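S.K.: Since chain A is already given, all that's left is putting chain B on it; use the hints.
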Amino acid sequence: MVTADALGPPHLTWNVVADVRELLRFPFMQNAYLAGTIVAVTAGVVGYFMVLRGQTFAGHALSQVGFPGAAGAALLGVAPVFGVIAFCVTVAVAIALIPGRRSHEASFESAVIGSILAFALALGFLFTTLSNGFVTGAYAFLFGTFVGIGNTEVLTLLVTGVLIGTTLVIIGRRLFFASVDTDAAEARGVAVRTLATIYLLVLALAVAAAAQITGTLLVFALLVAPAATAQELSTRPGRTLGLSIVIALLVTWLGLASAYFSDYPIGFYVTTIAFVFYVLARARRALLG
Amino acid sequence: MFNHEFIRNAYLAGTFIALSAGLIGYFVVLRNQVFAGDALSHVAFTGALGAAVAGLSATAGLFASTIAVSIGLAALGRRARGRDVVIGTAYSWILGVGALFLTIYTTSGSSNGRIGVTVLFGSIYGLSAAQALVAAVVGIGTSLAVCGIARPLLFSSLDETVATARGVPVRVLNAVFLVLLGITVAEAAQAVGALLIFGLLVTPAATAQLLTRRPYRALALAAGLGVVELWLGLALSYAVDRLPPSFAVVGVGFAAYVLALAASRLNGRRSLA
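From first to last, the protein sequence lines stand for chains A and B.
Position in the first sequence (first residue = 1) + 1 = our numbering.
Position in the second sequence (first residue = 1) + 1040 = our numbering.
Please keep in mind that the hints were generated in silico from the structure rather than gathered at the bench.
No experiment lies behind these values; they were computed from the predicted model shown.
Careful, some of the hints might be misleading.
To be verified - Quick look at which bits of chain A chain B covers, simulated, 3 or more residues with Cβ under 8 Å:
hint	region
1	175-182
2	219-225
3	267-278
All C-beta atoms in this analysis are idealised placements derived from N, C-alpha and C, irrespective of residue type, glycine included.
Bound conformation, chain A alone (with noise of 0.2 Å):
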């Protein structure tokens, strides 16, 4: 395999232009931008109902199993991307069987929740172990990486993006009512636990899909970052949403730049642009007032 490496390491100049073409020079970077636009594109909408739903701790959990199912596809010889896939796909049904929950119980189902997580992460690191000790692997599953982007991968993202677009562009409207005002939306017959679990399957993809690129400790970054940034500059539902993909997109698109023209990795990249992003967006209205 050619890589920059080989042939020097790139430098940005003041020519944008060149520096686009020595950005997509090589075919890992184009796969790398192609996945990271799908994945930018799902995540910013994906991650807009998250936040609106209130349903953060769920990406969270569903984004740490995705540990172990990278580390067991690899131990396997299986792409790591089916192996996240078919992790967070199952636990989003387990967490869709569990019953209604008693809010007295709150803080034991955290606790329980965050057993579930010690025990998956020290699933997935039994598994890197096993592979004999492959390192630089796990870090790569858990902090993300840019280079290991084959056609498979573009190919799988492309199938999940399209699953999801399409999912939602059916229940959008009904998820949104259900999302604002659960009530409301119940009382005009809307199946709100059926769309719950639809979404939460939905979600599961999206995080499989986001964990590509930001590996799966930082998918935050991709899913909360620019859909709480959005919220911060706008109010109108449609607006938000388009927000929060663009500035999905501009993290993703200026995190690989970043990453491809220095040494540090692109989580540190993803989740640093993410979060001044959402720190700009703050203090502009903290200013306006």
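M.R.: Same frame as chain A, but now just chain B:
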């Protein structure tokens, strides 16, 4: 098994780490502060690697960062329980900075390439005799401190308003509790790693809450379960080839939790019938 020095060190340090984590973990669950534990474990990862990059001891970085952040959380008080969106965004950034430190450290030449694994997933067999002794002493100290404040802490955790009215210094207790939690997280990170802290902190307490409703009995049970799970986990990882100790400890704890859950379901059905 105990002829090996690294096993003796692991049992010495592990016993008191598990004891203090079990005790303080019970209050973490009772006070609904699992989120604070999560925050501290993220900080522990970034702090330890930051210290390593600066050429300092990772253990010192671990303790300094978790204690500093727990003091910060105590100073913020109720405001620290902010919206989960803010928390999620800030946490992933802290972890991202940790990933940066990891890359800087592992690519800086003559360094230990496994340090990331050690910080994330622990290396209890790597403790020296001196480190194990320090960990044990700190574990005993925090355990005694938790037992010392257990009564007023329990009172203020169950009913803060009444406790305040009765003259219990709720704010001071909260601050002391958070600092003890910070120390315990740094301790536990040495045994099972920053990512698996919940296995020592939260799982024994969740199991104990399934088995009994009486506070003091649950507190003692959480501590006892933590210690026994650690002993069994270490023995298991010694007996089974290539089984990492941190997985074995967390796995035994999770198995105990699932058994307790099944038992309480069965009991519940019987009492209903």
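S.K.: Could you tell me which of the hints above the structure violates, numbers in ascending order?
M.R.: Hint 1 contradicted; others consistent.
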